[in-house]
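Visitor: What follows is each chain in one-letter form.
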Amino acid sequence: MTTLSPPRPAVHPPPRYRRPLGLARESWLHYGVLLLLAVLVLAPVVPTLYQSFLDRPLYEAGGILSVDNYVRLFTEAGFGRVVLNTALFAGLTTLLSLLIAVPMAVVVVRTKLPGGRLFAAAMQWPFFISSLILGFGWITIYGPAGFVSVEVRRMLGFLPWNLYSIPGMAVTEAVALAPIVYTFCANALRQSDASLEAAAQVCGAGPLRILRSVILPMLRPPIVYSSILVISMSVETLSVPLLFGQPVGIDVFSTFLYRNGLQSISPDYGVLGAASAIILLVTVSLVALQAKLLKNAQRFVSVRGKATRPRRLDLGWLKWVSVAAIACYVVLGALVPIGGLVFRSFTLVFTPLQSPFRTLTGANYERIFTYPVYVQSIVNSLLVAAIGAVLVSGLSLLAVMVARRSDFRFARAVEYLALAPQAMPGIIVGIGLFWALAFAPFGLGTLVQGTLWALIIGFGLRALPSGFGSISPSIMQIGRELDNAARVSGADWVRTFTRILAALLRPAFAGALILTFVTLLKEYSPAVFLGSADSNIIGTTMLELWVQGNTGSVAALASLQIAITATFVGLAGLLLKGRNDA
Amino acid sequence: MPEVKVSRLSKQFGDNAVLRDITFTIADGEFFTLLGPSGCGKSTTLACIAGLERPTSGSIAVGPATFVDSGTFVPPEGRNLGMVFQSYALWPHLTVAQNLAMPLRIRKVDRRRQDELITESLAKVGLAELKNRYPHQLSGGQQQRVALARALVYSPSVLLLDEPLSNLDAQLREQARAWLKRLQAELGITTVYVTHDQEEALALSDRIAVMSEGDMVQIGTPKEIYETPATARVAAFVGRCNFLTGTVTGQAEVRLDCTGQTLAVLPGAAGDGRRVSVAIRPERLEILPEGRTAPAGVNVLTAQVLTGSYIGSRYEYDLRLGDHVIQVESNRAGLTGEVTLLADPSACLVYPTTDVLPEDAEALLTVSH
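As they're listed, the protein sequences go chains A and B. Counting from 1, position 12 in the first sequence corresponds to residue 28 in my numbering; the numbering is continuous, with no gaps. Counting from 1, position 107 in the second sequence corresponds to residue 112 in my numbering; the numbering is continuous, with no gaps.
The shape of chain A in the complex, shown without the other chains (with noise of 0.2 Å):
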């Protein structure tokens, strides 16, 4: 040991990384993901906030900037109406959810509840059911000439209720909306200590003192939280609105943009991009709010790795009641809409009146099936979902790598852009991708515009934040050291990933190509400013039937879609499933 012989040179020295222009190569790597995350996010907002305080379509020459279309939208326009409608259903909307779902939660979660496993994977239905088809269902039995609508008034003489009003748009889009306030919750039940519980009844408290003492209190975080979430997406919803509120001139964000940018014959660009500006600024401040109340929920969350097992409550008979409310909702909110309008896919008159059955037909199929615009745009709908997954996948999980494991220096920049998109909503993505293309650089607006890949990059970014959220907890649960040790032995940033986190993370990257797959399938507000004759989705062909009064077709392809997203679905599980097993 004490021999005094030269320093040995290392046996087997570590490889030489090259090092382009004096910059590792994963530093290259993440300014490229920061810079493509930019380009793809502002795309969207600069033109958009140009515009709105430009005079003229930005695309033409000699603009002047001013204030002017802010005065103009709300004196001329009548945006003030429009505000307070958004208002109105947004929190009314947020109201029904909460009253829906979080009852459901506390029974579902804390109380014997038969059929409880049951009810809580139903509430997992809007993942195969995009708003648009839930508001077809409803509108096909609840709407002036629902089928249920025409029994109830043969029976009372009138009909108690009108879907095409503030209100009826709130009960179906808190229906659409309850499953996420129910998804908080529940998992809010579920990690919270049950020993509190255990303490108050060993105090002798009885099942609904607990409920309304100890449960009830915890739930304050999970509420709060999923509320905003809420608002922020009714605020930002197209299909209700289009679908109910359009008919009878009530206009909400969304449809007044749609209104403003597609109906009219000389659309006032000034307008629409303040109204987007408008509506930006309100999006983005609910996520911020929201952003900052989870970091602060976090803190006092103690989510502890010991598994305590919760000892359920019960009820007696109100368990009864509780069970007959929840199917309430599963059946009559979302199964019966959507049965009804798979139901009326097969026949030609759906009524009660006259039995359907007698008019049983594939015609609505045929129909689809002959016209080859139809069947071109169900496979626009799979490439794009299936181009798009692949790509959103690929780029959550570059995003998740540079935000969670590296020391870039712009790692949180990398995370915030990655998430920004959640507070755009799809038609000013799709409004302000418009006049990037047309703003784009060497031509390349021409080549994009109005093909695929512009609805592409609008979905894309749109699912984006679902991407990166279904990736991002799966590398926290890999240790870092696991990275150290790649590091210390030798392999760069990049050879780390390459060898050893991309085979661990593989489970999450497939479960990120379903979820992102699923929702570029559902998403199409985008499509309605980024859309063209060519490039027609599932989802803007249904609109375009359905303004044509074509309800049949509409309810073939719906029932299509689900078709083909519980198909996908489930090879998908079989797969990923037989290959853990092995």
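Do not rely on the hints blindly, as some may be mistaken.
What the simulated footprint calls covered on chain A by chain B, stretch by stretch (three residues with Cβ under 8 Å from a Cβ of chain B suffice, anywhere in the stretch; the number is not a length) [to be verified]:
# : region
1 : 78-92
2 : 398-410
3 : 512-524
Pulled a few chain B residues facing chain A out of the computed Cβ check, cut under 10 Å [unchecked claim]:
# : residue
4 : P97
5 : M107
6 : A156
Hints listed in this document are in silico derivations from the structure and should not be mistaken for laboratory results. Every residue gets a Cβ at the ideal spot worked out from N, C-alpha and C, and that includes glycine.
Knowing the structure of chain A, use the given hints to seat chain B on it.
Guide: Relative to chain A, chain B alone:
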């Protein structure tokens, strides 16, 4: 095997200084331990040597290669060090052999040589027959040895060990400790070891560096650290110690607060009237057998036995000295009542601080009358 030179190393997270001006040199082939409680900066120091953390300032060199200096930073992959992590960090999707092959494949060692090196390295840790197992099929002790084999397979210049034994159960830990010491001596590889376990540090190391709150408090051989701790904090952290507060009354005398008695201590303590702590190790207090008289020049203390416990190889007594509880180790059984304690002045170390122990620990060591 080159020496490791760390000088004036500092690391700052925002306003929080995690390392302050750390300087030490590790000789060729030495087993060097960074010892300290959690949060003292020992792991950060190791991570800086490995290149996993970027120090705010200072320099690190191994042999002729400078890893860190102003303007220089060699990333971990360029340092050719071997490291064993606390969690072992075995790549779960690779077999034992594939885990060991990874650093060799990265280094483009040819296939046949890879196999030789892997077999050789696994033989060193006695696991040659388990090369096709996956990490989750191994016990904790086996995983720890595979991690060591992986860190050694490419003949790194320095071996870095981050609390590698802390995840083993007590029995295995002691055996693994002895085995590790033999292996290190056999290989003669310069080793930096991080631990919060002072027993482990004493048993394994050629030299120990005691760290506290980002400062390097003392560097020395295990004997130096244990017998002449540089500060009261080191005395408290390494081994057990009784602390008695008092006031300096002469060249080598301290009057104790608890009894008012004057104690002869090692000369050279601070001036008259200073408040100090006298530190005495429990095994350096001797219980005088009845009927014997104390030798001259030795401090004599009278105390009452509170409790005695049998801990296998010896007995431990809690004694009351004034209003203070002190601990004594002895091989005599069944002592009760009043006893006479002997403390050699050389066993009475004096430190110029009086708040060595945290308040709650202090409260437990006080008896009310």
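Visitor: Now tell me, hint by hint, if it's right for this structure.
Guide: Going down the list of hints, with the structure as the test:
A stretch counts as covered by a chain when three or more of its residues have a beta carbon under 8 Å from one of that chain; for the region 78-92 of chain A and chain B the count is 0, and the coverage is violated. Given a C-beta distance limit of less than 8 Å, the hint that chain B covers the region 398-410 of chain A is violated, as 0 residues qualify and 3 are needed. As drawn, the region 512-524 of chain A meets chain B at 4 residues by the rule of a beta-carbon pair under 8 Å; at three or more, the given contact holds. The restraint placing P97 (chain B) at the interface with chain A holds, with a minimum CB-CB distance near 7 Å, inside the 10 Å limit.
For M107 (chain B), the shortest C-beta to C-beta distance to chain A is roughly 6 Å, which falls under 10 Å, so the interface hint holds. Because the closest C-beta pair between A156 (chain B) and chain A is about 8 Å apart, less than 10 Å, the hint holds.
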